[in-house]
Amino acid sequence: MTTYVQTAVDPAEDTRPPDSDRSRAENSLARKLVAPALVLMLLVTAFPMLRALYLSLFNYSLTDPDAREFVGLANYATALSDWLFWKTTLNTVGIMIITVAVELVIGFAFAMVMHKVIFARGVIRTSILIPYGVITVVSGFAWQFAFSNTNGFVNSWLPFTPDDFNWFGQYWSSMLAIMASEIWKTTPFMSLLLLAGLAQVSEDMLEAAKVDGATWWQRLFKVILPNMRAAIMVAVLFRALDAYRIFDNIFVMTAGANGTESISFLTYRQVIEQFQLGIGSALSVLLFLSVLVVAFVIVKLFRVNLADARQES
Amino acid sequence: MGKSLKANLGTILGCALILIWCLLPVAWIISLSFKSQEAVRVGSPGFFPSSGGGAGWSNYSDVLQDGQFRQAIFNSIGISLIATLLSVVIATLAAYAIARLEFKGKKFVLTTALVIAMFPVVSLVGPLFDMWRAFGIYDTWLGLIIPYMSFTLPLAIWTLSAFFREIPWEMEQAAQVDGATSWQAFRKVIVPLAAPGVFTAAILTFFFAWNDFVFGISLTSTERARPIPAALSFFVGDDPFNRPSSLLAAGAVVATVPIVVLVLFFQRKIVAGLTAGAVKG
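Residue numbers (my numbering), protein chains in the order written: chain S, 1 to 313; chain X, 1 to 281.
Treat the hints as calculated values from the structure; they're not laboratory data.
None of these values were measured; they are calculated from a predicted model.
Every residue gets a Cβ at the ideal spot worked out from N, C-alpha and C, and that includes glycine.
Just to be clear, a hint being listed does not mean it is correct.
Listed next, the stretches of chain X that the computed footprint assigns to chain S, with coverage defined by at least 3 CB atoms under 8 Å from CB atoms of chain S [as the list claims (entries may be wrong)]:
1. 38-49
2. 55-69
3. 121-127
4. 145-154
5. 243-256
Chain S extracted, bound-state conformation (with noise of 0.2 Å):
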């Protein structure tokens, strides 16, 4: 979507004088098309944005509105100063990178033979599409369900865990379940990004290396992946910060339990469980900044890539 966005703004494009008519038209006829979307949005997202910045500033709770103070940065001091904040985020990106990880390898596998496969391609990408369709909690149910030491069944499929083995029981293995039903639930979706950008890889140069003796890690390595780049970034950036604002499974599975919070949950609690609407603002603020820099790593460190491809060549 990015390289959309880029196609989008090509100056080449407008080729007409910027200052006839035509182009004037143009433009306010364009402005009152987009307008709706544009203040719909901002409506949504720029002004509550404001209004959580400005209420981090006080101390104020709906339990007790009367007493609703300033205390300037007081609330980010507290959220920042405080060993939960700094656990809950370390969850998170925890989850983030594991998962990317993982859906990164599988995904790529699963693309692979979905461009391979000539018979039953209908089935096969019709079927990636169910876990898509699958609503979040429902899948964060089957999966806790599946984890269940009572009512599942991984442990009597797991050969190294005892039958009644309590998933839900400590950190690691809850932290496991969630990240398992996050990553069912989204490898799809990676699959059909790479599988789009596996079709723009050139046959003739595959076929080249082919012939050239290259082995099938090296045309993985040195052709494919490198001609694969936008897409992989596309894809592992809308993931990421996708997996940063996990919620939903967390939510249905362990409400929290064993210390399996994240950023968003630690959020939501604060303002909609607890009614601190000024910590719980403050929260917000610092999760939208961290997401903010999350993506900016990203972004960065995939530049630097692309930057090092455009020297090779």
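Given the coordinates of chain S, assemble chain X onto it according to the supplied hints.
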């Protein structure tokens, strides 16, 4: 010969793995929904209902007779459909402008959409909760439709503008040269070409709205507007300490089947829509 057989075997194995991956959890929740509540209460591990532990369709009839559940389904259908319809209309206007017209601020619109698509939804829940209560639209359909619309707009705008860029707009002029009025040219030539894209955007948008959970649990408090994912998560049954998992599984199946059928039916369009914005250009 031997090599191609090996490669084919790999592909077949890969296909089998994909199918298992996609279908296993779904098969599991369906299987669970046919276990009797008694069997689940005493604990019945295993994939399939153990002998005598089956419940037939009774979980389904229980779920469908539940007033709260039916109301939640009704809410979800109504809210998602209205949000989809409005969002697609507004996104079509914007996407047409982006694909077809040159104007100042195009980059701003696209960047805004991009940022919103990445927005951490939970960070808006607090202020929206507060604002909606002040406006009196907390726990109403409208209170959910507005956030669903603005959060589906970026997806719809991308998908649609990617589709619209592919339309050969010169055909419109060609029709006009052939004597059609500009309205006729637009309606007879462009609308049929744009319709599949609009439809795809509508399906993806509907998906998003149906899937939403964060707004569903935080901007509602009663069954008046609570959508199905939220209702499922609050579903406790008769015994609050023992979640009725087989009943819940039946509810989950009922909530998921329509959307999965939709997916299966329109899979080509969905794949095109998901990848159009991402890689074309």
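Tested hints:
1. 38-49: holds (count 6)
2. 55-69: n = 0 at 8 Å, threshold three: violated.
3. 121-127: holds (count 7)
4. 145-154: holds (count 7)
5. 243-256: Three-residue rule met by the region 243-256 of chain X, so holds; n is 6.
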